[in-house]
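Those protein sequence lines, which keep their order, are chains A and B. Residue numbers for the first sequence follow our numbering, beginning at 1 and rising by one. Residue numbers for the second sequence follow our numbering, beginning at 1 and rising by one.
Rather than coming from a laboratory, the hints here were simulated on the basis of the structure. A few of these clues could be false.
Pairwise CB distance ranges, derived in the manner of DEER restraints [stated by the list, open to error]:
1. P265/A x P29/B: 55 to 63 angstroms
2. K397/A x C25/B: 44 to 52 angstroms
3. T451/A x W141/B: 40 to 48 angstroms
4. G290/B x F22/A: 27 to 35 angstroms
5. T403/A x I151/B: 33 to 41 angstroms
6. G327/A x G290/B: 43 to 51 angstroms
7. G395/A x L155/B: 26 to 34 angstroms
8. K397/A x A328/B: 48 to 56 angstroms
9. E425/A x P29/B: 45 to 53 angstroms
10. R237/B x A233/A: 58 to 66 angstroms
11. R17/B x E425/A: 39 to 47 angstroms
12. L346/B x K351/A: 51 to 59 angstroms
Using N, Cα and C, we set each Cβ at its ideal position, and we do this for glycine too.
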Amino acid sequence: MTPVSPAARPVVLQARGLGKRFGATLALDGVDLALRAGEVHALMGQNGAGKSTLIKLLTGVERPDRGSVELDGRVIAPSTPMEAQRDGIGTVYQEVNLCPNLSVAENLYAGRYPRRRRLRMIDWRQVRDGARSLLRQLHLELDVDAPLGSYPVAIRQMVAIARALGVSARVLILDEPTSSLDEGEVRELFRVIAQLRERGMAILFVTHFLDQVYAVSDRITVLRDGCRVGEYAVADLPPAALVNAMVGRDLPTVAGADAERAPPPDAPPAIDAQGLGCRGKLHPVDLQVRRGEMLGLGGLLGSGRTELARLLFGLDRAERGELRIGGERVELKHPADAVVRGLALCPEERKTDGIVAELSVRENIVLALQARQGWRGMSRARQDELARQLVQALGIKAADIETPVGLLSGGNQQKVMLARWLVTEPRLLILDEPTRGIDVAAKQELMAEVTRRAHAGMAVLFISAETGELTRWCDRIAVMRERRKAGELPGGSTEARVLAMIAGD
Amino acid sequence: MAETTGTMAASSAISSRWGRGLRRCLAHPLLWPLLTLILLLAGNGLFNPGFLALQWRDGHLYGNLIDIAHRAAPLALVSLGMTLVIALRGLDISVGAVLAIAATVAAWTIGHVSNDGLLPLWLAIAAALAAGALCGLWNGWLVVGAGMQPIVATLILMVAGRGIAQSISGGQILTLYYAPYSFLGNGFVLGLPFSLFVVAAVFALLQLALRKTALGLFVRAIGHNPQAAHVAGVRARAITLGAYVFCGIAAALAGLLVSSNVNSADANNAGLLLELDAILAVALGGSLLGGGRFSLAGSLLGALIIQALTTTIYAIGVPPQVNLAVKAVLVFAVMLLQSPLCRGQLRALLRLRAERRA
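Working from the sequences, and respecting the hints, build out all of it.
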């Protein structure tokens with residue numbers, strides 16, 4: 001790592017006091033950021049720290065409520081990504097946002113095709129030549145006429161970077177560029193990043209992986225709860241200090257599950273997966289959840305958390321490994337197979353996979369139990385009774401049980417989802433990001449009921465991107481990384497430890 | 001004094017109960033189809049005072065109303081099957097062809113079984129229904145198993161079906177000289193056409209299955225959000241397949257009624273364009289063509305409206321060459337009347353006029 005003297009390089013982009021509010025939440029509160037020519041600047045922070053908001057403000061996706069951005073000393077206020085690009089800020093997103101059906105060359109020049117002087121026709125020769133020379137700058141040899149979709153994601157990302165170079169970017173923002181790359185591809189990307197740094201470009205690098213931060217960055221800015229914690233030279237901030245800065249020292253180091261509700265260690269497993277996997281989705285995973293245990297499942301987006309849940313519930317079919325539910329070996333071909341055996345899943349996408357918005361609270365609550373029972377219809381009186389019970393137990397706020405669920409607030413919809421599964425009295429309840437997008441009070445009520453049921457012997461697999469929730473509620477925490485299980489931590493582990501395992505440190 | 005307040009409270013309670021009942025009535029999804037049908041029939045009654053008359057002759061009930069219901073029976077049967085398929089986000093445009101196949105299969109069976117008793121009748125019914133079920137199974141498999149879009153999947157049988165029917169009939173219109181078979185489409189029970197009992201039986205059976213078992217809940221859950229229903233453990237594919245099979249059987253039943261009514265099976269023209277009328281009947285009945293919300297009774301009313309329209313056109317003597325155009329205009333008016341958006345605008349317009357007057 002080349003040592004950097006802080007004042008040596010000129011500042012290219014200077015953001016001052018950027019603030020942004022979304023409804024009731026202050027997403028960003030007076031944040032400063034300085035990107036220097038020829039430096040890679042890492043932006044670090046937990047989920048919800050304000051990283052994506054900051055990037056959105058810089059790239060013109062959102063307008064800041066206050067604060068200013070200067071590029072080369074000139075104030076800019078891009079109101080669209082196109083404008084930001086014209087100002088000289090190029091962005092490469094985690095999900096490559098180019099068109100896979102267009103050719104490589106077309107992708108590089110879409111929206112700014114060179115035209116012939118006469119008739120204003122597109123000059124295809126210049127498009128191809130330009131595309132080749134842009135790629136050559138990155139030492140890439142590609143067929144520029146081939147559709148972009150015929151290349152792997154890593155190459156597409158390089159093309160996205162080349163496109164940013166093509167619009168003569170002064171600043172390049174890389175938003176989690178490595179999350180879908182393998183190791184070799186990451187090395188290749190880093191080589192390109194190093195090259196761009198040599199050419200004096202200012203690069204903002206956003207990632208969750210600590211080792212990658214230390215591999216390429218010169219400087220780190222840490223955000224927490226929408227505020228800037230500080231800017232550090234890499235050499236001054238060892239990994240442990242970085243994690244502490246991200247998590248915040250004021251957090252209690254042990255916030256684990258209370259000892260009294262910890263399940264007996266000899267409780268029989270509710271579910272036991274050995275080497276469960278599916279090619280292209282999940283490497284073989286061993287996982288056990290005991291009766292009455294709450295197992296947390298952490299990891300980044302795309303780390304395989306949701307994929308594992310889908311395999312366990314029969315939404316995808318496992319290609320290898322074996323699954324035992326209550327000691328009995330099973331093969332799940334359909335969610336109905338899982339439901340019959342006492343599994344339950346509150347899916348991540350509540351609107352598309354969870355609730356049936358047009359149906360009433362009552363119908364939504366009895367749906368899974370009814371599916372489990374088969375054709376035999378439940379009497380209306382019984383349905384009403386069950387629905388009323390759960391509406392009361394979970395504090396669901398609805399005019400009455402015949403209200404369409406679509407009219408309820410997000411938190412109440414989530415409670416209805418939970419109610420649907422609790423009436424089936426499941427052996428194992430899988431909760432995939434159950435607290436996302438719901439308010440604190442609803443979250444408390446939801447988790448209180450789940451914890452109460454766990455006390456009574458229900459096993460819980462709790463999937464969350466919030467490490468704080470994992471350490472607060474779970475008896476044990478398994479961590480997924482790069483579509484395999486990275487390891488397990490006992491309940492009561494510190495957030496920093498979980499975070500370190502998630503980031504692969 | 002206390003007594004008067006008591007009566008006043010009581011009377012206001014009564015009026016509020018009346019008000020609530022009225023409001024519920026106005027909001028009922030079947031109100032508009034029912035109103036449309038009544039308006040159509042009343043309009044006919046105005047033009048032709050004898051139109052609504054019923055007569056008792058030779059132990060049978062006769063009259064235009066009975067005639068409309070009897071002629072609507074095949075369409076009503078097909079509409080019931082179509083309702084279920086549409087409720088599950090599907091569509092079956094092969095019902096006309098399936099009707100023709102079933103009619104031809106029945107006629108062929110009767111022509112090939114030499115027996116003076118009722119055996120040919122039972123065999124013909126069984127063969128026709130089996131053919132319908134098979135057609136439905138094929139459609140359902142294309143949609144559920146092969147993942148085709150419903151309109152394309154059923155287009156295949158719509159096009160091929162009449163060819164299949166013709167190859168069974170040898171390209172001829174099969175004429176039937178077998179009295180027991182004629183009863184299906186022409187017979188009377190308790191003074192009413194037998195076809196009405198067939199429709200009533202299928203309707204009751206379906207209603208029972210939807211109300212008394214969990215099928216109704218499953219169908220609506222799948223129709224509104226198939227993904228969520230799948231995650232909840234509902235076997236959406238099996239249910240969808242079943243709906244197509246049922247739709248095929250319903251079309252086959254309609255084929256029996258149609259061919260029995262005219263004592264012949266015409267592979268080319270039996271049930272021609274029936275699929276469009278069936279979709280229209282479902283829409284008229286207030287079901288969502290996108291799936292989820294549906295009404296079997298509404299579809300029956302829709303079938304009756306369409307037949308009443310046809311009868312009206314003949315009754316007022318519209319020349320045959322323009323009667324499709326007239327039918328289209330009437331359908332257009334009916335659909336406007338049923339469109340909530342259009343009704344809202346109409347209401348706003350009336351309110352505006354009332355305000356101006358005041």
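Could you work out which of the previously given hints the structure breaks and list their numbers from low to high? Failing hints, ascending: 2, 7, 9 and 12.
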